[in-house]
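Make a model of the complete structure from these sequences and hints.
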Amino acid sequence: MLLKEKNRIGAFVVCSLILGLLICGFTSASASAVEKVKVRVISDWAFQAQAAVFTNAIDKGYFAEQNLDVSIDRGYGSADAITKLASGAYDIAFGDINSMMDFNAKNPDKSQAIAVMMIFDRPPLSIFTFEDSIKTPKDLEGKKMVTSPGEANLRMFPLFAKLARFDKSKVHLVNVQPQLREQMLLKGAGDAATGFYYVSLMNFKQLGADTKKLKSFLYSNYGIKIYGNAIITTKAFEAAKPDVIKAFNAAVAKSMHDTIRTPAATIPSIKKRDPTVDEAIEKERLDIINREFVLTPYVQQHGFGNIDKQRMAESIEQVTEALQLPKKPKVDDVFTDKFLPPLKDRMLK
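Numbering (this note's numbering), first residue to last: 1 to 349.
Bear in mind the hints are in silico, worked out from the structure with no lab data behind them. Treat the hints with care, since some could be wrong.
Stated by the list, open to error - Below, computed lysine to any residue pairings styled on SDA-like, alpha-carbon distance capped at 20 Å:
#1 Lys-344 x Val-277
#2 Lys-330 x Asn-107
#3 Lys-187 x Ser-216
#4 Lys-144 x Gln-179
What the hints assert, rightly or not - If you anchor each label on the Cβ, the simulated ranges turn out as follows:
#5 Gly-88 x Lys-143: 40 to 46 Å
#6 Leu-295 x Glu-35: 32 to 38 Å
#7 Pro-326 x Leu-214: 36 to 42 Å
Idealized CB from N, CA, C, for every residue including glycine.
Spelled out as structure tokens, the structure:
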């Protein structure tokens, strides 16, 4: 009897230990799920191909692998996205680094922003025309240009005019809402129009325009050194959660390989958030983004995500002049590379 009692006690102890371990394991797993850090992201524009690197990372679980719970909202321009970032409504923004510099310089009393990963090595700023008489930027003199107040192309237009050697005062501006620029150009409201290259080109195609007759002048082909869109956060968030930024960038780097190697497979993540998008259009748009603005010769040699400090210094000079910044920022005030993944993870093919 005594032996049986001992066996019962032993069995009870073993079962208790097993149950305890199971409970601990369950609790640990639950805690792990609960501990995922929420990160709020705002993009620069609508859910189009440029946002695929983020939406794909969410849907493929790349952020979750880094213990992040990431949500993303569409934006209404880089200036708007950066303003909302600085207000604390978002933790990270995807937007134009030059608009970020402008915001910082003109709002020293507000939360300052800093870029932590470069996405567009070239800016997509451009001017489009169907006019046979406009063969060079100088031919814009005496012509009407459809544009929108406050948009990046227009704000950098004086610098473009200076470097392309024509008189900007001789170009007559026709101001319309940003979403109407391509339509208004096709209706004859102007002879040329400003626009982000990958946005306007695909808009013209969707509007049925004969794009074989379309000419474009990319600002970056005329001596402009500036960079384009980057991953941006506030200096307060950078100081408070450096590990989160590092983890976020690691997931983006992994997703970037998808957008380069299998771009079509990343587009459904866009359509999931906006069912009205045309997947074929967005696939073509992503191809343009990759070819013209991400996979530049510099990026192919040095990897994506980082900057050339000398070029950035020259870029800051140009932005300070073009936007009439009250104070010229330093390179380290604009961009930091301390949150970038290892170079091997940033080499794209």
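Output the indices of the hints that this structure fails to meet, ascending.
Those not satisfied come down to hint 1.
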